[in-house]
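Turn these sequences into a full structure, and let the hints steer you where they fit.
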Amino acid sequence: MSTIETKGLTAYYGDFQALFGVDIILRDGETTAIIGANGAGKSTVMKAITGLIKTSPEMVFIDGAPCGGREAHTAIASGIAMVPEGRRLFPSLTVEENLLLGAHCARKGPWTLERVYEVFPGLKERRRLSGTALSGGQQQMVAIGRALMSNPTSLLCDEISLGLAPVIIEDLYRNIAKLKEEGLSIVIVEQDLVRAVSVADRVYCLMEGRVSLEGRADEMSLAAIRNAYFGV
Amino acid sequence: MEWISTLLQGLLLGGVYSLFAIGLSLVFGVMRLVNIAHGDLIVLASFTSYVVVQALGVGPLMSLVIVLPTFFLFGYLVQLLVLNRTLGDDMLPPMIVTFGLSIVIQNALFDVFTADNRKLNLGPIETASFRLGNDIAIGIYPLAVFAIAIATIVALQALFYNTKLGREFRATSDDAEAARMMGINTKRVFAVATGIGMVVIAIAGVLMGVRTTFDPFSGPVRLLFAFEAVIIGGLGSIWGTLFGGIVLGLAQAIGGQIDPQFQIMTGHIVFLVVLLLRPTGFFPKVQH
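So the protein lines, in turn, are chains A and B.
Here UniProt numbering is used: the first residue of the first sequence is 1, the next is one more, and so on.
Here UniProt numbering is used: the first residue of the second sequence is 1, the next is one more, and so on.
Careful, some of the hints might be misleading.
Claimed, not checked - For lysine to any residue, the following SDA-like pairs were computed, each having C-alpha atoms within a straight-line distance of at most 25 Å:
#1 K164/B / E125/A
#2 K164/B / S92/A
#3 K285/B / G136/A
#4 K54/A / R85/B
#5 K178/A / E96/A
#6 K285/B / L100/A
#7 K285/B / L134/A
#8 K285/B / S92/A
#9 K108/A / P121/A
#10 K54/A / D89/B
#11 K285/B / A133/A
#12 K187/B / P57/A
#13 K54/A / R27/A
Because the hints were derived from the structure by calculation, they are not lab data.
Okay, here's the thing in C-alpha cells:
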C-alpha cells in the first residue's frame, strides 16, 4: 500500500513547460480521477510519477520518500503500474508474452496469468495471437492485465476509454470497480469527465499544466467541475 | 559443372557475409543503432585472436575461449558507458560516436601492429576439401563457417523467441518507453544486446581472419559487405541476414566467374538493384 504525492511538480518537453507546480495526493486505497482537456498535462503527471520524464527528487514522494527523477523501472518495483494511453502493446509479442512482460519485476501478490485470464476470459483463447491483432477493447484488457501482472498497489490508467465503444467502456469500468474493491489504489486519467467522476473518490482537474479544481467527488457539483475543465 | 561449383562457393561465401551482418542487424534491430565501427570491430576481433594465439601458443579456434567473453564485456561496457548516453529520437549522435570509435580502433591497431597484413593459421584444414563427383570440390573450412553461421542464427532465434531475455529484446525493440513502463531496465537490455552482438562480431572476426588476411584498415570493406547483406535481407531480420549474405556471396561468385575483376562490383550492383526495387529488403522486421 502506498500514497503517492507530487509537490510543486514542474515538467518540460524541451523548452515547452507542460506542468507549473502541480500538487496532487493519490491516497492509499482511493480512486482518484485526473481530468482535463487535451494537453492539460494529465499524462505528463503520470509520466513524472513513473519516472518516464525527469523531475527533481523532491517533486514526487511515495510514502513520504522523495522519488522524483528515478529510473522508470524502479517505479514498478515500488508497486506502481501503468496502463498507458494508446495501450502500447508490443506488436512482436503474443498476448501471453505481453502479459508475462508485465510480471517482469513483479511483487508477491494475487495476480498470475491464470487470474488475469479469469478476469478477462476472452484473452485465454487468444493468448497466442499478436497483442495488436485483437480488437481495441481486448487490447485494453491485455494492457490492464499486463499492468496487474506486476501485482501493483497503485494502478495508473491513462485514457483507457479512448477510441472504444460505449459497451466496452462500461465493461472496463466494471472491472476497474472490482479492482477498487480489492483495495487497489487507482488513478483514472480521462477526458470523459462524467465517466471518471462517477467512479472516483477524489477528483483533480488540470488546465494548462495547473490544478484548476480539486476535492472529494461526492462534494463537487458537475457544474463546478465543468467550469474548471473548460476554464469558464 | 564449373558453374555449379561457382554457385556452391558463392553460397558458402554467403555464410561469412551473414556472420558479418548478424551483429549489425541485431544491434540495429534492438536499439536502432547504426554501428559504423562494426567492420573495425570485426578486424579488432581478428587482431585480438592473433595476440592470444601469439601469446599463448593456442590455435585461433581455441582463442575464442578468451576472445568471446572479452568482446561480450567490451560491448556491454561500451554500450553502458558511452552509447546509451547518445541514444534518443535522433539516430545521428550514436552513429557519429561509432564513427569516432571506428577511427580510434583503426589508428590504435595501426600504431600497435603497423599496416602489415596478418592472418590466423588453422593448418591443413584451411585448404582441405571433399569431392562431390569428379568435378566439384567443397572446402571443409568454408562449409564449417557456413554451418557456424546457421548455428549462430538458430541460437539467436531461440534466444529471441524462447527466453525471458528475448522477450525483453523484442519489447524494447518495439517500444522502449513502454518497456520501461513494464519495469525493464532498457539500458541494461541495450548493453546485453550489444554484448551479444559483439560475440557474433568476434566469431566473424576470428573465422574471417583464418579465411583471408587482415590489416588495421580492412574494417570498412567488411562493414560494407555487412551493410549490403543486412539491407538485402531486410532490416532487423536475423534469417534475412543469412539470405542477404547468400545473395551477396552468389552475386560475387557469379561476377568473379565471368571476370575476376567483376567479383566485388557484381555484389555492389546486385545490392543497388535490390535497394532500388525493394528498399526495405526481402524480409524487413523493422518498420521505422
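key: Agreement of K108/A and P121/A with the hint, judged by alpha carbon distance not exceeding 25 Å   = 23 Å, holds
ask   = Has the given pair, K164/B with S92/A, been kept, meaning a C-alpha gap of at most 25 Å?
value = Within the cut-off at roughly 14 Å; holds.
key: Distance restraint between K285/B and A133/A, which requires alpha-carbon spacing of 25 Å or less   = Holds. K285/B to A133/A sits at ~17 Å (cutoff 25 Å).
inquiry  = Hint check: K285/B vs S92/A, CA-CA at most 25 Å. Holds or violated?
reply    = 9 Å, holds
inquiry  = Hinted pair, alpha-carbon criterion (25 Å max): K54/A, R27/A. Please report holds or violated.
reply    = 23 Å, holds
key: Hint consistency between K178/A and E96/A [alpha-carbon to alpha-carbon, up to 25 Å]   = Answer holds: K178/A to E96/A is near 22 Å, not above 25 Å.
request  = Verify the proposed pairing of K285/B with G136/A, using a straight-line Cα cut of 25 Å.
outcome  = Holds - the C-alpha atoms of G136/A and K285/B are around 23 Å apart, at most 25 Å.
message = For a C-alpha distance cap of 25 Å, please report whether K164/B and E125/A respect it.
response = Holds, at roughly 22 Å.
query = Under the criterion that the straight-line Cα-Cα distance not exceed 25 Å, is the pair K187/B, P57/A satisfied?
reply = Since the Cα atoms of K187/B and P57/A sit roughly 21 Å apart, the hinted pair holds (cutoff 25 Å).
ask   = Regarding the pair K285/B and L134/A, is the alpha-carbon distance no greater than 25 Å?
value = 20 Å, holds
ask   = Would the pair K54/A and D89/B pass a check requiring their Cα atoms to be no farther apart than 25 Å?
value = 16 Å, holds
ask   = Is K285/B close enough to L100/A, meaning Cα to Cα at most 25 Å?
value = It holds: about 22 Å lies between the C-alpha atoms, which stays within 25 Å.
The structure meets every hint from the earlier list without exception.
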